[in-house]
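2 protein chains.
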Amino acid sequence: MDDSPARAGRSTFAWLVGASQLVGLASVVLTGVWMGHFRGGFAWDGSTQEFNLHPLCMVLGMVFLQGDAILVYRVFRNEPKRNIKILHGVIHLFALVISIVGFAAVFENHKAAKIPDMYSLHSWCGMATLVFFCVQWILGLLFFLFPVASSWLRAVYLPFHVFCGLILLVMAIGTSLLGITEKLLFSIMSTYSKFTPEGVLANVLGILLVVFGVLLGYLITKDEFRRPPNPEEESLSVHFKTLTEGQTPASP
Amino acid sequence: MDDSPARAGRSTFAWLVGASQLVGLASVVLTGVWMGHFRGGFAWDGSTQEFNLHPLCMVLGMVFLQGDAILVYRVFRNEPKRNIKILHGVIHLFALVISIVGFAAVFENHKAAKIPDMYSLHSWCGMATLVFFCVQWILGLLFFLFPVASSWLRAVYLPFHVFCGLILLVMAIGTSLLGITEKLLFSIMSTYSKFTPEGVLANVLGILLVVFGVLLGYLITKDEFRRPPNPEEESLSVHFKTLTEGQTPASP
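Chains P and R, in that order, give the protein sequences.
Letter by letter, the first sequence follows residues 397 to 648 in the numbering used here.
Letter by letter, the second sequence follows residues 397 to 648 in the numbering used here.
All the pointers check out, no bait thrown in.
Heads up, the list lumps identical chains together, so a pair's fine if it works in one copy or across two of them.
Taking lysine-lysine and the DSS-like style, the derived pairs with C-alpha atoms no more than 25 Å apart in a straight line are: (1) 590 x 507; (2) 510 x 590; (3) 579 x 590; (4) 510 x 579; (5) 618 x 481; (6) 618 x 477.
I should point out that these hints are in silico values taken from the structure, not numbers from a laboratory.
Please put together the full structure from these sequences, using the hints given.
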């Protein structure tokens, strides 16, 4: 049997995963350079140096790690499912902890500098993303790692969990772009239009985040890259309803 | 045969489509109110009143009409496919023309007011979205309405066309949120943090655009709402390769 299309598919997958990691890491590094070089570095004392931890934590936690936590289902699609579930949950936990540090940084800085909270579109989108992220993480833990929910509820929730995960990643990227625009207009409004290095660097960071989102979106939604169905490892309890009703069990 | 799950699915679909139209129209109206009531109305004379046409045209063309052009494949999923293709192309054409008017408005205003172009992340994302939108529209026309491409090329391009369409909608919404943030910080930076009515209205507009995107994303990607396969109406030329190779023909 000629398996060259399958081999070409695996090769494309590997290149796209590599590209996504390169773009994702470049985004984290560029955020560090922006805050470290152009905005005075980092500290934890309520100053603008504490604020500078906010973009770095959000890009690392909410974008890069959240994206990679989803991607493990594709990269390790031939490994035992339970291990991948645990890895998925653990990377999301890291993402959550780092994001909470990022949130604390901006609220502490606002408090010290007497800047009002939660008035901007960036803050509204960011808070919505974090709250829904927490809800999604707790529900995922209860539904898929601990046997709290009924099998019927699990089967109903699975496609929503997958859809909401992708929406949360897109919201995290969109909120990051809003944060970039806000920070630039607060910091370099008078020189931004002159294509200063800081403005161009931050714009490039924004474009890299968009490219990361497009690559992840493609890798996650393309059927060819999904986990192949393996009835032996599927827990009957998860797919009991779909199996009994003759539907195809959905796989995240 | 008990078709109550199918009936419940149709009812959910109808409610979600209704909600998406309500949220989409509310976004267009809110943009009009923002620019009309808070920003001095509309004109075509290079003034800020000409700029005010930019947000209105982009939300109407790039977000609402682009979203609805995609949605016709779901709403009219039992109608003849060729008619839907033409409707899809025509609504996208309206979206494109309105968006070009929106682009002209901002460039004319910048020229008259001697404001530099294309320096912000909003402008970079917006230009990328419009350029890719044009490419996607022309390729769609050539591949699917005129018999220019080979059947093999059509079958290869179809899933990319569908994926890129959804990416373009998300990029249009993200770019709109960046535009809202830019406009607010340029216009009411000193009062934005005091939760002034204009700031709150613009933030609500941003959240409505996100909700529109989530609803459209759900309606477009859910398998249950897809066009049912109908081999009789499928042009053999489009799916020749997939049929001969025993794959399932993808349907947009």
